[in-house]
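Each chain is listed here by its residues.
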Amino acid sequence: MEKLISEFSFGLFFWQLFLFIGLVLLLWKFAWKPILEAVNGREEGIKNALASAENAKKEMQNLQADNEKLLKEARAEREAMLKEAREIKEKMIADAKEEAQVQAGKMIAQAEESIRSEKQAALAELKNQVATISVEIAEKVVHAELADKDKQLSLVDKMLNDVTLN
Amino acid sequence: MRRKFSIKKITLLLFLVSFVTVAQHHGDESGHQEGSTEVTSEDAQKKSIKDYINHHLLDSYDFGLYSYTNDHGKKVHVGFPLPVILWDGGLKVFSSSKFHHGEEVAKVGDNYYKMYHNKIYKTDAEGTMNFEEGDHDHPTNAKPLDFSITKNVVFIFLVSLLMFVVFSRMAKSYKKNPVPKGIGRFLEPIILYVRDDIAIPNIGKKHYKKYMGYLLTVFFFVWIINLLGLTPLGVNVTNNIAVTFALALITYLITTFTANKNYWGHIFWMPGVPWPMKIILAPIELLGTFIKPFSLMIRLYANITAGHVVLMSIIGLMFLFKNWLGSSLSFGLAFALSLLELLVAALQAYIFTMLSALYFGSAVEEHHDH
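Residue numbers (my numbering), protein chains in the order written: chain A, 1 to 166; chain B, 1 to 370.
No wet-lab data here; the hints were simulated from the structure. Source: prediction; values computed, not measured. Where is the CB? At the ideal position from N, CA and C, for every residue including glycine. Where hints are given, some of them may not hold.
What the hints assert, rightly or not - Straight-line distance between alpha carbons at most 20 Å, and here's what the computed SDA-like set of lysine to any residue pairs gives: (1) A/33 - B/143; (2) B/107 - B/95; (3) B/143 - B/91; (4) A/47 - B/107; (5) B/172 - A/47.
Unchecked claim - On the chain B side, residues computed to face chain A include the following (Cβ under 8 Å): (6) 59; (7) 73; (8) 111; (9) 140; (10) 141; (11) 144; (12) 153; (13) 155; (14) 157; (15) 192; (16) 196; (17) 247; (18) 250; (19) 273; (20) 347.
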């Protein structure tokens with residue numbers, strides 16, 4: 001301890017105190033403050049850049065998710081549309097078939113009707129014609145029969161004979 | 001010119017080999033025998049090594065690089081003289097070359113001064129030193145107030161200048177580009193280390209900023225000056241108690257003047273203990289505030305001094321062994337120890353900064369319930 005005290009040099013103490021305090025003040029103004037500020041600024045910048053990168057990534061993910069969703073929706077919509085179309089198509093085909101059947105039925109019925117009526121008409125005409133022809137034949141026959149008196153008389157006789165028998 | 005080196009001087013040279021060409025100034029050594037004769041006996045050699053180590057640990061008034069004895073038996077000192085500044089009824093400034101390395105009385109104006117055991121005393125024209133009975137270490141002569149620019153002051157100044165140049169240039173480079181360049185790449189992680197691992201954990205995020213200037217400066221200052229102490233320039237700043245005292249005093253003053261109510265509350269009226277204990281604890285705690293910086297002062301001083309003494313003793317051993325085995329062993333040991341000292345240089349800077357931060361942290365600690 002005594003050695004320490006005897007070694008103590010006031011001049012050195014003074015200069016150390018003086019120079020060191022000067023150094024602290026100068027360095028704080030010209031070195032530490034700007035350096036720490038620059039480093040802090042840089043760290044903030046890095047932090048912000050990282051945060052914004054993270055945000056961008058999230059946004060990107062969101063966007064991707066949105067895209068996916070949209071795509072899904074579109075796909076679902078397409079599917080639905082296709083399904084609907086298929087249904088419509090099937091319905092149309094079914095409807096068409098049904099209608100065609102109905103139509104065909106109707107047409108067949110009509111055809112049958114017309115065939116029947118035609119047939120009837122034809123039959124009626126045939127009957128008429130047969131009647132007419134018969135009348136004509138009968139007329140011609142009668143005419144021929146009744147061309148002379150004898151024949152007429154014989155006919156009457158004959159007819160009369162027939163009747164009396166009855 | 002063929003120079004005849006004594007063994008001691010070779011030891012000295014090993015330490016102080018310098019690549020700078022320096023001005024020589026020749027001391028007049030006529031009446032002075034110490035160290036100029038060839039050392040032959042082992043005891044004398046041991047003493048000369050011990051003297052050399054002691055001398056090396058002391059501050060000096062000139063910037064001596066090395067000294068040797070020339071052909072004519074004269075001691076030649078190589079180095080620069082430095083200005084001596086005394087306050088003795090007026091400012092006295094003169095070159096330390098006037099003392100001729102302690103061998104002559106310097107006449108300044110009407111006053112005479114003499115250097116004795118590396119301290120300046122006021123004497124008469126003959127340089128008589130007065131001693132108390134049986135004591136040859138503590139002269140009773142008047143000591144003028146000494147503000148001399150000693151070797152250590154020069155180095156404190158040079159290190160300050162170096163730090164200012166390096167760090168202000170580094171700061172400037174950040175203005176252009178926030179990415180460090182050159183030496184900044186090496187220094188920035190250290191600055192960040194001081195901030196993130198010393199200041200913030202000990203002081204807290206809220207208050208640490210106002211202490212950063214001191215913490216960074218003291219860390220780099222102690223580190224650089226410790227490293228310089230390991231160079232062959234032979235400068236030891238941190239093993240002067242005055243230097244470590246100045247540093248510890250600043251830590252103490254900063255702690256005291258930035259302390260909050262909570263800190264003083266813990267010292268004078270310790271919460272959570274019964275009142276008789278509070279009375280007992282108050283002086284102890286108050287003493288603690290002085291002991292803390294005191295331990296800082298002693299720790300740095302003792303570590304650096306011990307490191308230098310051990311390292312130099314082992315190097316000195318090389319010249320005592322005088323055989324290839326012992327000398328090479330102590331060379332290996334000295335080499336290993338030098339590496340250890342490199343670590344100690346950084347470690348002591350770290351510990352000083354760390355403990356200062358710890359004390360600042362306790363001064364601004366917020367109140368919390370026990």
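List of violated hint numbers, smallest to largest: Structure breaks hints 1, 4, 5, 7, 8, 9, 10, 11, 13, 16, 19, 20.
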